[in-house]
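Visitor: Residue-level listing of the chains:
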Amino acid sequence: MTTGLYGTYGGRYVPETLIPALDELEAGWAAARRDPSFQNELDRLGREYAGRPTPLTLSERFAPGKRIYLKREDLLHTGAHKLNNALGQAVLAQRLGKRRIVAETGAGQHGVATATVCARFGLECVVYMGAEDMRRQRPNVERMGLLGAEVRPVEFGTKTLKEATSEAIRDWITNVETTHYLIGSCVGPHPYPELVRELQSVIGRESRTQILEAEGRLPEVVVACVGGGSNAIGMFAGFLDDAEVKMVGVEARGAASLSSGRPGVLHGARSSILADEDGQILDAHSISAGLDYPGVGPEHAALRDSGRVEYVSATDDEALAAFRRLAETEGIIPALEPAHALARAADLDAGLVLICLSGRGDKDLDQALAHL
Amino acid sequence: MTGEKTLVIYLMAGPDTPALAEAAVAGGADIVEIGFPFSDPLADGPVIRRAGERALAQGMRTAACLDCLAETRRLVDVPLVPMTYASILEAYGWERFADAARAAGATSLIVADLPAGERPELRRVQLVAPTSTDERLRLAAEQTDGWLYLVTLTGTTGARAGPSGQLPGLVERARRITDVPLYAGFGISTPEHARETAVLADGIVVGSRAVELAEEGPDALCEYVASLRTALDG
Chain A
1 MTTGLYGTYG GRYVPETLIP ALDELEAGWA AARRDPSFQN ELDRLGREYA
51 GRPTPLTLSE RFAPGKRIYL KREDLLHTGA HKLNNALGQA VLAQRLGKRR
101 IVAETGAGQH GVATATVCAR FGLECVVYMG AEDMRRQRPN VERMGLLGAE
151 VRPVEFGTKT LKEATSEAIR DWITNVETTH YLIGSCVGPH PYPELVRELQ
201 SVIGRESRTQ ILEAEGRLPE VVVACVGGGS NAIGMFAGFL DDAEVKMVGV
251 EARGAASLSS GRPGVLHGAR SSILADEDGQ ILDAHSISAG LDYPGVGPEH
301 AALRDSGRVE YVSATDDEAL AAFRRLAETE GIIPALEPAH ALARAADLDA
351 GLVLICLSGR GDKDLDQALA HL
Chain B
1001 MTGEKTLVIY LMAGPDTPAL AEAAVAGGAD IVEIGFPFSD PLADGPVIRR
1051 AGERALAQGM RTAACLDCLA ETRRLVDVPL VPMTYASILE AYGWERFADA
1101 ARAAGATSLI VADLPAGERP ELRRVQLVAP TSTDERLRLA AEQTDGWLYL
1151 VTLTGTTGAR AGPSGQLPGL VERARRITDV PLYAGFGIST PEHARETAVL
1201 ADGIVVGSRA VELAEEGPDA LCEYVASLRT ALDG
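First to last, the protein sequences are chains A and B. Numbered according to the numbering used here, the first sequence terminates at residue 372, and the numbering increases by one at each position without gaps. Numbered according to the numbering used here, the second sequence terminates at residue 1234, and the numbering increases by one at each position without gaps.
Bound-form chain A, shown alone (with noise of 0.2 angstroms):
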C-alpha cells in the first residue's frame, strides 16, 4: 500500500483530507506521460518562453587547470531553474481542472517562477514566505507583486521556508478541491518527489549531449548545490546509469540534512531530516535562503546511503568566496546557491567538471554585499 518509496524513502506523511488528491495528481501525472502532447506542450514552453536549451559554458579562468563548465540555468527566464517544475505543474493543473495555485518559497525563486506560470496561464496565484525570507529577499517578493501574485507572509517559527511550506500544506488541506499545491523542490508526499525529478530531469539530459559535443567525452564530476535538492537531481538524473561518472551534491554546511540529518517525517515524507532525537525538526542556518531548509528529497537520502552520490558541505564564507570569485573570473553573479557548488567543485581531485549554476543572483546582492 506505501507508495512512492526510494529505499525507505517517501512515502506519504500527510493527514487523510489530502490522500484524494495525491491519488488524483498521480493518476492526471501518469496519464500527462503517455500523452504525447502534453511533452509536446512542455518543450514547445521550454524553447518559446522559457529559453530552452540553456547553454552550456566553459569556464577558464574560475578554476585554472581543470575545464569546468557551466550548466547556465542562471539563463533560464525569471533566472534559475525552478520555471522547469513550475511550467510543467502549471500545465498538469489545468489538466486537472485547477484554477488555484498555492505554492511555498524560500529564496523568492520558486515563487517567482510560480507567479509567472499563473499569470502566463491566469491562475490564481498564493505564494507563502516566511518573513525573515521576504526580508532578505526582497527584490523577488516586488516581482511576485508585479506578477499578480498574492505573497502571504508567514510570520511564526522561523519565518523561513520550513514554516512556508507548513502554512502552503494548510492552506491546501482548507482548498484542496480547487487548488494545486505547486511545490517548489523535489520534496513533499509522493507523487511530488518523482515529479519534480522528471520535470528537471531536462538540465541533466540537455547537460549530457550537450558536454559529449562539446568533449566528446563524459564529465568526471558533475556538482550541483542541494537544499530540498531539486537541480541536483535534475541534473544528477542524466547521469546516473553512467557508472563512471562521480557525482557530488553541496549542502550548506548549517542546513546539511543529509551530511548530519537522521531518518525523520518533514512535510510529508520520510527522508534525512535536520532534527533532534525526540523527532522536533531543528532550525537550519544558511546565508542562502534557497538553501536554508532542514529537509532534503527522499531521492537524495537514498542516493546518500546506496553511495551513488557523495554528499558534502560548504561554508556560507566558502559559497561568498565563490559567488565574487566566478563574478571576478567569468563575469557571471551567481545565485548564493549555486556559489556552495562552485566552492566545492575547486577542490575536486577531477578535470573535467559539471556544475549545475542552477540561478543568477541579483537577487542575493544585498545579502552578499553586506557579508563580502
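By construction, these hints were calculated from the structure, which means they are not laboratory data. Computed from a predicted model, the values in this text were never measured in an experiment. For every residue, glycine included, the Cβ atom is placed at its ideal position computed from N, Cα and C. Check the hints yourself; a few may be wrong.
[Claimed, not checked] Part of the chain A face toward chain B, derived, beta carbon under 7 angstroms:
#1 13
#2 15
#3 16
#4 19
#5 20
#6 147
#7 151
#8 166
#9 170
#10 173
#11 178
#12 260
#13 264
#14 265
#15 281
#16 285
Following the hints, position chain B against chain A.
Guide: Okay, now just chain B, sitting in the frame of chain A:
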C-alpha cells in the same frame, strides 16, 4: 459513558494536563486526547500550533509527554488517547512508542499525518475526511481501533463560525460502509455546534476551544465541558 453521545476533549500535554484532564472528566468528557507536541503540525490551526510551541518551550518532549500520560492515568478512568505526528514515532521507534504509550495508560493512538494504509501494523484511531473516497472509508474503517474520527471539513483544526456543510454527506457514506462509532471533530467549539453535530454522529471531538479554556484553568475548562455535555444530553 455519561450519556448516549460520546464527548472527546483534546488537551495539549503539559505540567497542568493531569489536573485539567480530571476537570474535563468531571465536566463530562468520556475520552481525553493528549496532544504530544510536534514542531511542524500540518493538520493544526493556530490555536493548537501555538499550544504546541508553548509545550515544547516547557520541555514537553516525548519522555515528558509519556510521564504526563501516566500521571493523568492515575487521576482519571476514561480512555486516554495520545494524538501526535509521525516524526515523533519515527524518532522514538514506531513499535516502542506504541508499547510505551500503552504502558503509560493509553487506550489507543492518533497520528494526524499517518493516513490509513501507511504502517497498517500500528493500531490506531483512523481519520477520514469529506474528501475520502468510499474505498478509503472502507480501508480506514477496517483498520481503525474502536471508533472512526470524522474530520468534519477540509481544513485544519480550529473553531469555525458554524457547523460543517460537508459532514452530513460524510456521515451518510460512512454509515453505509461501517458499523463502528463515528466521532466528528475539527471546527466544533460551541454547545450549539456540539448539539447539531451529535444529531449526525455518535460523538464529537473538541480541541482548539478546549485548549483555549484549559489556559484559563481547570474550573473554566470543567464548566465549558459541562456546557457541551448538557448540549449533547439535552
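Visitor: The hint names residue 265 (chain A) as touching chain B; please verify it with the least Cβ-Cβ distance against 7 angstroms.
Guide: It holds, given that the least Cβ distance between residue 265 (chain A) and chain B is near 4 angstroms, below 7 angstroms.
Visitor: Report holds or violated for the interface hint on residue 147 (chain A), using the least CB-CB distance to chain B and a cut-off of 7 angstroms.
Guide: violated, 28 angstroms
Visitor: Do the numbers back the hint for residue 166 (chain A), that is, is its least Cβ distance to chain B under 7 angstroms?
Guide: holds, 5 angstroms
Visitor: Would you settle whether the hint for residue 15 (chain A) is holds or violated, based on the nearest Cβ-Cβ distance to chain B being less than 7 angstroms?
Guide: It holds, given that the least Cβ distance between residue 15 (chain A) and chain B is near 4 angstroms, below 7 angstroms.
Visitor: Grab the minimum C-beta distance from residue 173 (chain A) to chain B and call the hint holds if it beats 7 angstroms, violated otherwise.
Guide: holds, 6 angstroms
Visitor: A closest beta-carbon separation below 7 angstroms is what the hint needs, so does residue 170 (chain A) meet it against chain B?
Guide: holds, 5 angstroms
Visitor: The hint names residue 281 (chain A) as touching chain B; please verify it with the least Cβ-Cβ distance against 7 angstroms.
Guide: holds, 5 angstroms
Visitor: Holds or violated: the hint that residue 264 (chain A) contacts chain B, with Cβ atoms closer than 7 angstroms.
Guide: holds, 5 angstroms
Visitor: Going by Cβ atoms only, is residue 13 (chain A) closer than 7 angstroms to chain B?
Guide: Hint on residue 13 (chain A): holds, closest Cβ of chain B at ~5 angstroms, below 7 angstroms.
Visitor: Just to be careful: measuring from the Cβ of residue 178 (chain A) to every Cβ in chain B, is the smallest value less than 7 angstroms?
Guide: violated, 10 angstroms
Visitor: Can we keep the residue 19 (chain A) interface hint, with Cβ of chain B closer than 7 angstroms?
Guide: At 5 angstroms from the nearest chain B Cβ, residue 19 (chain A) passes the 7 angstroms test, so the hint holds.
Visitor: Does residue 16 (chain A) pass the interface hint, meaning its C-beta sits closer than 7 angstroms to a C-beta of chain B?
Guide: holds, 5 angstroms
Of the hints listed earlier, those the structure fails to meet are numbers 6, 7, 11, 12, 16, in rising order.
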